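Participant: Listed here are the chains, written in short residue letters.
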Amino acid sequence: MEYLLHILVICGIYSILTLSLNLVVGYTGLASLGHAAFFCVGAYISALLSLNFGLSPWIGLLLGACGAAAAGAVISVPSLRLKGDYLALATFGAGVIVYQIAKNWVSLTRGPMGLPGIPSFSIFGFALDSTWSYLILVAVLTGVTVFVLQRLVGGAYGRVLRSIRDDEIASEALGKHTDKYKLQVFVVGAFFAGIAGSLYAHYITFIDPSSFTVMESITILLMVIFGGMGSIKGSLVGATLLVIFPEMLRFLGMPSSIAAPMRQMIYGLLLVVLMIRRPKGVLGKYGFR
Amino acid sequence: MFEQLFVNGLIAGGIYALVALGFSLIYRTVKFFHFAHGIVYTAAAYVAYSLAIQLGMHFVLAFALAMLFAGILGVLIDRTVYSPLRRKNASNLIFLLASFGVFVFLQNLIQMLYGAQILSLRTGPVTEGYHVFSAVITPIQITILAVSVALMVVLWLFIMKTKLGKAMRAVSDDPIGANVVGINPEKTISLSFLIGSALAGAAGVLIALETNIEPTMGFSAILKGIIASIVGGIGNIPGAMFGGFFLGIAENLGIAWIPSGWKDAISFGILIVFLLVRPRGILGIRTEKEVL
Amino acid sequence: MRKEFGGIVALDALSFTLEKGTITGLIGPNGAGKTTAFNVLTGFCRPDEGSAHFNGTGITDLPPFKIARLGIGRTFQNIRIFPQITVLENLMLAPRGQKGENILPALFRPQQVETDEKRAGEEASRHLETVGLVDKKDELAENLSHGQRKLLELARALATGSQLLLLDEPTAGVFPETRNKILDLLQALRKAGKTILFIEHDMNVVTRISDTVIVLNYGRKIAEGPPEKIKSNKEVVEAYLGRSNATT
Chain G
1 MEYLLHILVI
11 CGIYSILTLS
21 LNLVVGYTGL
31 ASLGHAAFFC
41 VGAYISALLS
51 LNFGLSPWIG
61 LLLGACGAAA
71 AGAVISVPSL
81 RLKGDYLALA
91 TFGAGVIVYQ
101 IAKNWVSLTR
111 GPMGLPGIPS
121 FSIFGFALDS
131 TWSYLILVAV
141 LTGVTVFVLQ
151 RLVGGAYGRV
161 LRSIRDDEIA
171 SEALGKHTDK
181 YKLQVFVVGA
191 FFAGIAGSLY
201 AHYITFIDPS
211 SFTVMESITI
221 LLMVIFGGMG
231 SIKGSLVGAT
241 LLVIFPEMLR
251 FLGMPSSIAA
261 PMRQMIYGLL
271 LVVLMIRRPK
281 GVLGKYGFR
Chain Z
1001 MFEQLFVNGL
1011 IAGGIYALVA
1021 LGFSLIYRTV
1031 KFFHFAHGIV
1041 YTAAAYVAYS
1051 LAIQLGMHFV
1061 LAFALAMLFA
1071 GILGVLIDRT
1081 VYSPLRRKNA
1091 SNLIFLLASF
1101 GVFVFLQNLI
1111 QMLYGAQILS
1121 LRTGPVTEGY
1131 HVFSAVITPI
1141 QITILAVSVA
1151 LMVVLWLFIM
1161 KTKLGKAMRA
1171 VSDDPIGANV
1181 VGINPEKTIS
1191 LSFLIGSALA
1201 GAAGVLIALE
1211 TNIEPTMGFS
1221 AILKGIIASI
1231 VGGIGNIPGA
1241 MFGGFFLGIA
1251 ENLGIAWIPS
1261 GWKDAISFGI
1271 LIVFLLVRPR
1281 GILGIRTEKE
1291 VL
Chain C
2001 MRKEFGGIVA
2011 LDALSFTLEK
2021 GTITGLIGPN
2031 GAGKTTAFNV
2041 LTGFCRPDEG
2051 SAHFNGTGIT
2061 DLPPFKIARL
2071 GIGRTFQNIR
2081 IFPQITVLEN
2091 LMLAPRGQKG
2101 ENILPALFRP
2111 QQVETDEKRA
2121 GEEASRHLET
2131 VGLVDKKDEL
2141 AENLSHGQRK
2151 LLELARALAT
2161 GSQLLLLDEP
2171 TAGVFPETRN
2181 KILDLLQALR
2191 KAGKTILFIE
2201 HDMNVVTRIS
2211 DTVIVLNYGR
2221 KIAEGPPEKI
2231 KSNKEVVEAY
2241 LGRSNATT
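Residue numbers (our numbering), protein chains in the order written: chain G, 1 to 289; chain Z, 1001 to 1292; chain C, 2001 to 2248.
The set of hints was computed from the structure by calculation and includes no laboratory data.
Since the structure is predicted, the reported quantities are computational estimates derived from the model, not experimental observations.
One thing to keep in mind: the hints can contain errors.
What the hints assert, rightly or not - Result set (DSSO-like, lysine-lysine): computed pairs, CA atoms no more than 30 Å apart in a straight line:
1) G:K280 / C:K2137
2) C:K2136 / G:K285
3) G:K103 / G:K233
4) G:K233 / C:K2118
5) Z:K1161 / G:K233
6) G:K180 / C:K2118
7) Z:K1088 / G:K83
8) Z:K1088 / C:K2066
9) C:K2099 / G:K233
10) Z:K1031 / G:K285
11) C:K2099 / G:K83
12) C:K2229 / G:K180
13) C:K2191 / G:K180
14) G:K233 / C:K2136
15) G:K285 / C:K2118
16) G:K280 / C:K2136
17) Z:K1088 / C:K2137
18) G:K83 / Z:K1163
19) G:K180 / C:K2066
20) G:K285 / G:K103
21) Z:K1161 / Z:K1031
22) G:K83 / Z:K1161
23) Z:K1031 / G:K103
24) Z:K1088 / G:K285
Claimed, not checked - Covered stretches of chain G (in silico footprint by chain Z; criterion: 3 or more residues with CB under 8 Å from a CB of chain Z, positions within the stretch not fixed):
25) 91-100
26) 195-203
27) 253-263
Glycine included, C-beta positions come from ideal geometry on N, C-alpha and C.
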């Protein structure tokens, strides 16, 4: 039972990641392949603030998200000049650079040794260190993410995003300041990825760079594509299915030396199959153009 | 010290140039980023290991067979994954994502088959190197450099002088026109995958003479290959060679000032700068892109 | 205005003035620079020399979205509609100054956004009625036929409320009844005080609705005047030598 709750917490964290990336990739059509960078920034800022300065994890959550948002603003710059596969390469590169910073700036991040002993959240003096309580926290924040996203994409704002996706030149010709929108979605997407990072750090209580590799970025992207580009429900479904599935491998009694590469293999295969057969994903409404 | 770093840079540069060459050759023909190029590099190293170490085959034969294997693997990837996408007129981004998928799939397949531990192609005693100025270069390193350059020269001659090579250039410049004069684009694409992948395979085996074989070795290699190609001018053959050597030397000289752990970040920084400022690279030509 | 692309002169000392409330046809052989002129006027291309002004405001160095906001609307040669959104939504993107398009109102003023949306939807439906596409309003734009797409793109440009419309081959490839619909629409716009500059290859269309015609060849203006004079202009005929007047 404890195990099931744990899985649900992970599903929640990845749901937030998937939703936040969907805003950038699915709705606005920007090929962002370095989303784990924002996850990483949020996690590290939040962890370091509570470890080194004794700040409450709630402050860490907020500042971590803001830090991630700032990174989002920086990484949005290539999207103003590059498109499609070139943008994918640039954002991929940004993801690698952030990972390398986490790994090499040892005096700040302790590099590959990671940061252990990260404190948990507490509310009114009660520490949220049982899985149950954490699940409620994650569920609430996932709900917030869905709520904010729906507000953005459901009306005129979302319509402009989709117009940028479909034809940026036509959108500009209609008077839309497309650069502004690109910056905004990157910042908002990064902000929520930063929230997920903080949640992750204070839950697992240990982080190291290996959780934030390019493979992680590709996994989140896979969740977006698989669940459905431009679909909020799709992101929730995609994240949940792709988190639960590898766990089922463990139930089939596979030793982890086989299960780990097997899981990645299936991700890789799934990505190929999706691209060939159904780029829109399970519940998606839009495909890459 | 600088001489040593420079020599190291040359060796690394030769490897990068081979990978970049194969990558650019393929890019010229299909116009998308074949990220999975990195995995044929890895596969060749493992095949060479199986043949030379596990089966005791003579190294030169193992090398040739590994190159061939890599070439065929590349063609296979094109036929099973890219060909269907071409029929659907997929965008470059979709090709790139599919290519990532292939890379991840095959890398983990290799890990399942051989395990994650480090393997080695090195046999025999460690030999004393030769002294060149104040640098040391071992016979193996000389071999790597010599073979890399030889392959590059052979490729250059092939592209420029032979009929097949000219056909490849024709298809990359103008696929429709090439079709009209009777050149089969699909065959040409397969050929470029065959040759390009064989070059990457050669690089994979050569590097395995110096360093370890592990499932993730192709990742760094393809990143360097892409960076070198873009810096030198994407799709440009001499550019790829230039880019490869440039990157290898820059990286290694850079160690003098910056700790080696930052190498990848620096390479990527260079890439992003080029993408934003001069996407056609140093030797690339400006393509007249129809905006409206 | 002068514009070169890597050695090829696309626009060569091109200069003209458009009068408010008129329809001007821009014609010339392929490659004469007509679309380049459009791109320069709408900010998608910077001229090497020269400047453009709209109602007294300099527009040469402005980005496309700012020029659009000043009141210049355009359509494109290869039709640029938004394929993966509905016909109605295509239209709803046109009106300027929609509060809901900004991030803060979207997040914090949902009620107002919803009211605005309803109003925008009604207005969009009205525009769709004008071009006869209202029964397709919930269709994805990619499912429309060529002629319907042309109408959609045109309706969308109208719905922006632009004072000046730059239309790139508005009747190309459409059936005669659609063409007539479009031409009637343009004439109604002129009556309402709008200014139109359109690129066209069909001389019948040009003669039918233009007040003035400008002829380009190799990036230079070789003639300008009322349609009748242009038709009999020797240089113009020579530029088109060998080309039959294609009627769709």
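Participant: Can you name, in rising order, the numbers of the hints this structure does not satisfy?
Facilitator: 3, 5, 8, 12, 13, 18, 20, 22, 23 and 26
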